[in-house]
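Here the protein sequences line up with chains A and B, keeping their order. Take 0 as the starting number for the first sequence in numbering that gives the first Met the number 0 and just add one per residue. Take 0 as the starting number for the second sequence in numbering that gives the first Met the number 0 and just add one per residue.
Among the clues, some could well be false.
Unchecked claim - Partial pick of chain B residues on the chain A-facing surface, computed with a CB cut under 10 Å:
| hint | residue |
| --- | --- |
| 1 | 166 |
| 2 | 235 |
| 3 | 303 |
Claimed, not checked - Ranges of calculated distance between the beta carbons of each label pair, as one might list FRET restraints:
| hint | chain 1 | residue 1 | chain 2 | residue 2 | range |
| --- | --- | --- | --- | --- | --- |
| 4 | B | 207 | A | 17 | 54 to 60 Å |
| 5 | A | 96 | B | 61 | 22 to 28 Å |
| 6 | B | 25 | A | 87 | 38 to 44 Å |
| 7 | B | 263 | A | 141 | 20 to 26 Å |
| 8 | A | 276 | B | 68 | 57 to 63 Å |
| 9 | A | 87 | B | 341 | 34 to 40 Å |
| 10 | A | 328 | B | 25 | 51 to 57 Å |
| 11 | A | 33 | B | 263 | 41 to 47 Å |
| 12 | A | 347 | B | 295 | 34 to 40 Å |
| 13 | B | 263 | A | 332 | 37 to 43 Å |
These are computed hints drawn from the structure, not numbers from a lab. Idealized CB from N, CA, C, for every residue including glycine.
In case you want the letters, here they are:
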Amino acid sequence: MAKITLSNLRHSYLQNPKDDADWALKKLDLEWDDGGAYALLGPSGCGKTTLLNLISGLLTASHGQILFDDQDVSLLPPDKRHIAQVFQFPVVYDTMTVYDNLAFPLRNRGIDEGTVDRRVREVADMTDLTSMLTRRASKLTADGKQKISLGRGMVRTDVNAILFDEPLTVIDPHLKFQLRSKLKELHDRVNRTMIYVTHDQTEALTFADKVVVMNMGEVVQIGTPVDLFERPQHTFVGHFIGSPGMNVIPCEIHDGQAHLSGQRLETVNKSSASTTGAEIGIRPEFISFSDHGLPVKVVKVSDSGRFNIVEANCDGYKIKLLLEEGAPIPSEDAKIKFDPSSTRIYVDGWLSGLEGTV
Amino acid sequence: MSLELKQVTKIVDGETYIYPTNLHLEAGTFNILLGTTLSGKTTLMQLMAGLDKPSSGEIWFDGANVTNMAVQKRNVSMVYQQFINYPNMSVFDNIASPLRVAKMQHGEIEKRVGDIAEILQISQMLDRRPSELSGGQQQRVAMARALVKDSQLILFDEPLANLDFKLREELRDELPRIFSERNSVVVYATTEPSEALLFGGKTAAMYEGTVAQFGDTGEVYRQPRNLKSAQVFSEPPLNTAVVHKSENVFKINDDVSWPVAKAYEHISDGEYTVGIRPHHVYPHRMNDEHIAIEGVVQVAELSGSESMIHFTTLGNSWVSLSHGVHAFAAQEKTTLYADVANCFYFDTDNKLITA
Numbered sequence: 000m001a002k003i004t005l006s007n008l009r010h011s012y013l014q015n016p017k018d019d020a021d022w023a024l025k026k027l028d029l030e031w032d033d034g035g036a037y038a039l040l041g042p043s044g045c046g047k048t049t050l051l052n053l054i055s056g057l058l059t060a061s062h063g064q065i066l067f068d069d070q071d072v073s074l075l076p077p078d079k080r081h082i083a084q085v086f087q088f089p090v091v092y093d094t095m096t097v098y099d100n101l102a103f104p105l106r107n108r109g110i111d112e113g114t115v116d117r118r119v120r121e122v123a124d125m126t127d128l129t130s131m132l133t134r135r136a137s138k139l140t141a142d143g144k145q146k147i148s149l150g151r152g153m154v155r156t157d158v159n160a161i162l163f164d165e166p167l168t169v170i171d172p173h174l175k176f177q178l179r180s181k182l183k184e185l186h187d188r189v190n191r192t193m194i195y196v197t198h199d200q201t202e203a204l205t206f207a208d209k210v211v212v213m214n215m216g217e218v219v220q221i222g223t224p225v226d227l228f229e230r231p232q233h234t235f236v237g238h239f240i241g242s243p244g245m246n247v248i249p250c251e252i253h254d255g256q257a258h259l260s261g262q263r264l265e266t267v268n269k270s271s272a273s274t275t276g277a278e279i280g281i282r283p284e285f286i287s288f289s290d291h292g293l294p295v296k297v298v299k300v301s302d303s304g305r306f307n308i309v310e311a312n313c314d315g316y317k318i319k320l321l322l323e324e325g326a327p328i329p330s331e332d333a334k335i336k337f338d339p340s341s342t343r344i345y346v347d348g349w350l351s352g353l354e355g356t357v
Numbered sequence: 000m001s002l003e004l005k006q007v008t009k010i011v012d013g014e015t016y017i018y019p020t021n022l023h024l025e026a027g028t029f030n031i032l033l034g035t036t037l038s039g040k041t042t043l044m045q046l047m048a049g050l051d052k053p054s055s056g057e058i059w060f061d062g063a064n065v066t067n068m069a070v071q072k073r074n075v076s077m078v079y080q081q082f083i084n085y086p087n088m089s090v091f092d093n094i095a096s097p098l099r100v101a102k103m104q105h106g107e108i109e110k111r112v113g114d115i116a117e118i119l120q121i122s123q124m125l126d127r128r129p130s131e132l133s134g135g136q137q138q139r140v141a142m143a144r145a146l147v148k149d150s151q152l153i154l155f156d157e158p159l160a161n162l163d164f165k166l167r168e169e170l171r172d173e174l175p176r177i178f179s180e181r182n183s184v185v186v187y188a189t190t191e192p193s194e195a196l197l198f199g200g201k202t203a204a205m206y207e208g209t210v211a212q213f214g215d216t217g218e219v220y221r222q223p224r225n226l227k228s229a230q231v232f233s234e235p236p237l238n239t240a241v242v243h244k245s246e247n248v249f250k251i252n253d254d255v256s257w258p259v260a261k262a263y264e265h266i267s268d269g270e271y272t273v274g275i276r277p278h279h280v281y282p283h284r285m286n287d288e289h290i291a292i293e294g295v296v297q298v299a300e301l302s303g304s305e306s307m308i309h310f311t312t313l314g315n316s317w318v319s320l321s322h323g324v325h326a327f328a329a330q331e332k333t334t335l336y337a338d339v340a341n342c343f344y345f346d347t348d349n350k351l352i353t354a
């Protein structure tokens with residue numbers, strides 16, 4: 000196990016990168032604690048897999064350093080970094096039994112059969128593979144094979160970190176949540192550093208203690224799931240997390256206070272000077288219908304089972320509300336109010352009052 | 000304009016893939032096939048498209064019997080989970096190809112391609128080749144090509160499954176709007192109940208080759224006719240337990256029982272299955288009427304705003320889905336609270352007991 004440090008890390012797939020767009024990963028300085036559960040969350044193309052491959056050693060960074068416990072591993076290949084990796088597609092030896100698949104990494108390193116047996120059974124128990132140990136790996140379903148990949152990653156005790164690259168991609172949707180919660184359970188039990196790459200916020204937020212939100216090669220915000228949900232530092236984070244995401248509505252600033260549709264809004268933060276590029280960020284969960292407030296027109300109601308998603312129009316801007324099943328919804332003209340403790344001013348995308356650094 | 004399946008079956012090598020199915024699907028609304036993998040959605044769609052012939056039964060489209068009509072003669076478009084594009088053509092040409100085959104005017108082609116590209120957010124990519132695009136963008140090109148034809152029957156087989164979470168959300172918002180103005184029968188297969196609910200329209204809940212229920216989506220969700228239908232439409236899975244009714248008490252065991260509501264007083268004493276959705280099971284007491292149940296936590300999944308707690312109780316695995324962050328340690332014993340005013344009862348044939 001190790002503390003992982005990324006120092007001044009940058010990466011380009013091109014020989015002579017010129018401008019910003021040539022860098023898959025822009026400047027990064029990050030530290031991962033021993034034993035933590037982390038997620039790298041972002042849309043396709045944001046750089047999360049590039050980052051994961053730099054940590055594992057599948058890619059060598061074009062600039063900067065990677066340290067495990069203060070030891071520079073930047074130029075070490077994957078097998079010398081003691082990293083286990085679980086990919087999107089299961090990596091199993093089809094002709095071997097499940098037992099032999101799990102035993103492989105240990106036998107490869109000359110570990111005695113007694114220890115091998117003990118470790119294999121421990122890991123099989125943790126991944127619900129015990130009843131299949133004698134079966135040929137080729138006979139298992141996709142999620143069974145993915146569990147073997149997972150098990151193989153966990154069977155060694157000298158592993159610095161286990162890296163997951165969108166591991167639930169091939170899993171049946173109705174089985175996804177099982178494997179997802181199993182991964183969480185495993186981390187709780189085993190306490191090894193785990194880094195999980197995904198574009199799926201549910202996977203990231205339920206698995207990780209800390210989530211690194213990325214976009215276009217940069218880290219936008221790092222925080223606990225609650226931090227990211229309740230205090231997004233950038234409108235991208237507010238929009239990306241939450242389903243539906245945060246409402247972002249252009250507003251006017253007068254005397255440091257936000258105004259929308261001629262009404263002054265109470266917000267958590269204030270904005271200092273210029274009024275250009277100012278927006279209000281408020282999550283659909285924190286808006287309610289009321290007798291006094293912003294006049295809107297209800298345009299659409301979507302039944303989401305336990306919620307209703309209401310789309311309303313205010314001065315041409317679309318605002319979404321999330322209401323509990325059964326809560327009354329006015330039919331057309333209505334008034335809404337924002338919870339002041341959840342309403343924030345953003346300028347040029349960043350939370351006003353922040354210098355824009357993470 | 001409608002698509003009708005009359006006693007359609009599909010049997011391959013003695014194995015039944017589709018049991019006798021009757022469906023009447025109208026144009027102007029989203030018709031959703033909801034079910035887990037291998038429930039028969041794709042097989043049924045292939046029969047609808049004419050890519051496969053039913054073992055028995057008939058398929059009628061717009062008043063004509065098309066059962067034996069080859070797919071090329073049918074006016075149908077299909078979008079698959081794995082996007083398929085012509086690698087050597089530009090995105091524009093990919094989308095335009097069916098229109099060129101139909102010998103449409105150039106000006107009209109440009110307009111149609113432009114419109115659909117805008118809706119699917121690929122206008123900037125019209126000059127590129129598919130290989131230069133991300134997976135999500137390639138899928139949108141495939142969708143654009145299927146949609147630009149304006150077919151009378153459009154089949155979507157889990158088209159959003161390979162796309163980013165956020166992109167899926169955005170496209171889900173767009174799709175019904177694209178179809179509301181068309182006179183086509185649209186059939187959309189998905190494994191996600193939330194997707195079916197957000198689309199609205201009508202849903203066929205499918206299970207192992209059978210349509211368990213078909214009707215307005217909201218109605219199928221709120222009034223499942225049987226246990227299978229309720230289970231298909233629940234994510235996380237429906238919490239169930241065996242309950243005995245005796246006089247005016249429902250009892251699971253000596254510690255868990257509750258009075259029979261007036262609406263159920265008429266049903267006979269005996270064994271039933273109670274089904275409670277995860278969001279009606281709480282980690283804290285919300286209301287005096289809720290029933291306390293002891294359980295052991297397996298894992299607590301906390302997202303920024305909700306908690307999904309998996310635990311074992313009453314000999315089963317149950318899930319509670321609630322607002323807010325409720326942390327629990329693994330193996331922690333805890334009490335959960337079930338809202339029995341919001342549950343389903345099924346008889347020993349798994350049919351819903353109506354109040």
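Exercise for review: Can you let me know if the beta-carbon spacing of residue 328 of chain A and residue 25 of chain B is within 51 to 57 Å?
Suggested key: violated, 27 Å
**Study point:** Hint check for residue 87 of chain A and residue 25 of chain B - Cβ pair distance inside 38 to 44 Å
**Key:** With Cβ atoms ~39 Å apart, the hint holds.
Practice item. Given the range 34 to 40 Å, decide if the beta-carbon distance of residue 347 of chain A to residue 295 of chain B lies inside it. Key: At 50 Å between Cβs, range violated.
Exercise for review: Classify the hint on residue 166 of chain B as holds or violated, based on whether any CB of chain A lies nearer than 10 Å to its CB.
Suggested key: holds, 7 Å
Review point. Could one say that the CB atoms of residue 33 of chain A and residue 263 of chain B fall in the range 41 to 47 Å?
Key: At roughly 55 Å between Cβ atoms, residue 263 of chain B and residue 33 of chain A fall outside 41 to 47 Å, so the hint is violated.
Check your understanding: Holds or violated: 22 to 28 Å for the Cβ distance of residue 96 of chain A and residue 61 of chain B?
Key -> violated, 55 Å
Exercise for review: Determine whether the Cβ-Cβ distance between residue 207 of chain B and residue 17 of chain A falls within the hinted range of 54 to 60 Å.
Suggested key: holds, 57 Å
Point to revise | Outcome for the supplied range 57 to 63 Å, where the beta carbon pair is residue 276 of chain A and residue 68 of chain B | key: holds, 58 Å
Point to revise | CB-CB spacing for residue 141 of chain A and residue 263 of chain B relative to the 20 to 26 Å hint | key: The hint (20 to 26 Å, Cβ to Cβ) is violated, given that residue 263 of chain B and residue 141 of chain A are roughly 42 Å apart.
**Study point:** When the least beta-carbon distance from residue 303 of chain B to chain A is tested against 10 Å, hint result
**Key:** holds, 3 Å
Check your understanding: Once the shortest beta carbon distance from residue 235 of chain B to chain A is found, is it less than 10 Å?
Key -> This hint holds: residue 235 of chain B lies near chain A, its Cβ roughly 6 Å from the closest one there, short of 10 Å.
**Study point:** Range hint compliance [Cβ, residue 263 of chain B to residue 332 of chain A, 37 to 43 Å]
**Key:** holds, 41 Å
Hint check: violations occur at hints 5, 7, 10, 11 and 12; the rest are consistent with the structure.
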